[in-house]
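Peer 1: Here are the chains, one letter per residue:
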Amino acid sequence: MEIPVMVGAGLVIIGAGIGLGKIGGAAMEAIARQPEATGKIQTAMIIIAALLEGVAFAALFAV
Amino acid sequence: MKTEYRFNFLFTFAPKLSKAIFMQFITRVCLLAIMILANSWLGLAKSEGDKDDQGHGGKVNTEEEVEAYIDHHLDDSHYFNLFSDGETGEHFGIPLPVIIYDFDNGLHFFSSSKFHHGEDLVEIDGQHYKLYHSKIYKTDAEGTITYDEEGFVENEKPLDFSITKNLIGMILASVLLLWMFTSLAKSYKKGQIPTGFGRALEPLVIYVRDDIAKPNIGPKYKKYMSFLLTVFFFIWILNLLGMTPLGFNVTGNIAVTFALALVTFIIVQFSGNKDYWKHIFWMPGVPIPMKIVLMPIEILGMFTKPFALMIRLFANMTAGHVVIMSLLGLIVIMQNWIAGPAFFGFTIMISVIELLVAFLQAYIFTLLSALYIGMAVEEHDDHGDDVPVV
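Protein chains in written order, with our numbering: chain U, 17 to 79; chain X, 19 to 408.
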């Protein structure tokens, strides 16, 4: 029963990776469009990244 | 021109390389060669030593040793170990005071050197105590540890109030904080501009106020500034202490992060206004069946937010320590010419990332605490489009 749990955790982490990539990419685009809003965009990005990270860690702890 | 021409043969194989880059390249190759030679010599000496000591295969043994070493590092400890002699098994460090309370036996106070790193039992008034995997258990006179079916220790545990290594780390961080910020506060009495080390701290304090507290909490931010500043600098200093060779792993201990998250939880619940509780128990603006569905979810949300804070800090710091120590351990496991310098380089790279993570985790903890407080104290006049979604 050990292996399916690990596969699931891997899938969750792949999902989290895709999500983080999307957040980062969108933030980069937004900063490029409006460099003067960099601070606000970064804060929002970090909050969402931190929340997503929580999901990834929950998966890691399930292993 | 002519003198330069003489060296041109060096560049014939790569005409676009400038002389500077070429020299840099040569230096790097030389350095790499020295590192590889030194490493292979050390690796050879190590493996020879292994062969002399014991007959059994070195590889599996070292892997287990590395794993045990990492596990031990992640645990809290009753002994402040500075370094150990691998060959004789001697430890050099400071034994810390042990304070245990046993319901049958009362309160006891003694030095952890009595345990001799778990090898000896301590006998007090006919009761025996054993240090086993960094925890103190009550045992019989032979020191037997019994396990249940799932491999957990069944022995009774006394209440442990010892001054452990983590506690030393926290006291050190508190003393550093006190010293740094009293000097900053004192320098404001002399004039508007802080002097000395306070000049480095003032921008950070203003950063916490202007970028974390003000935008997330709103006009009532002043009341919470002391908490946010304390938690920010406390976590940051503890994270940085984890990067020193002293081997602290305080923020990578779930009990510590639990306590920090608990403080945030309590502050959020006690600063919650009428609107906050209304949004939890009877969400306005939605049909009644939805209100009933939302109530348990919102109550659960009260607890998952600090829970996520706890797990995030703990997991990030533990992961960082494990990655660094595993990379260092791979040098010992592989013992060859290329792995040594390569993993040494990786370790430096990860260490630099960890310096960033040390700051980032302190920032995120403070930011999310501010966000949760902000959600609790926010005033609602009407429900337009600007209702916060988080």
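If you are wondering where the hints come from, they were derived from the structure by calculation, not from laboratory data.
Beta carbons: idealized from backbone N, C-alpha and C, even for Gly.
Keep in mind that the hints are not guaranteed to be accurate.
[What the hints assert, rightly or not] Each pair of labels, with its calculated beta carbon distance range:
(1) Val71(U) - Met313(X): 18 to 28 Å
(2) Val281(X) - Ala60(U): 24 to 34 Å
(3) Val193(X) - Gly37(U): 37 to 47 Å
Peer 1: Which of the listed hints are broken here?
Peer 2: Those not satisfied: there are none.
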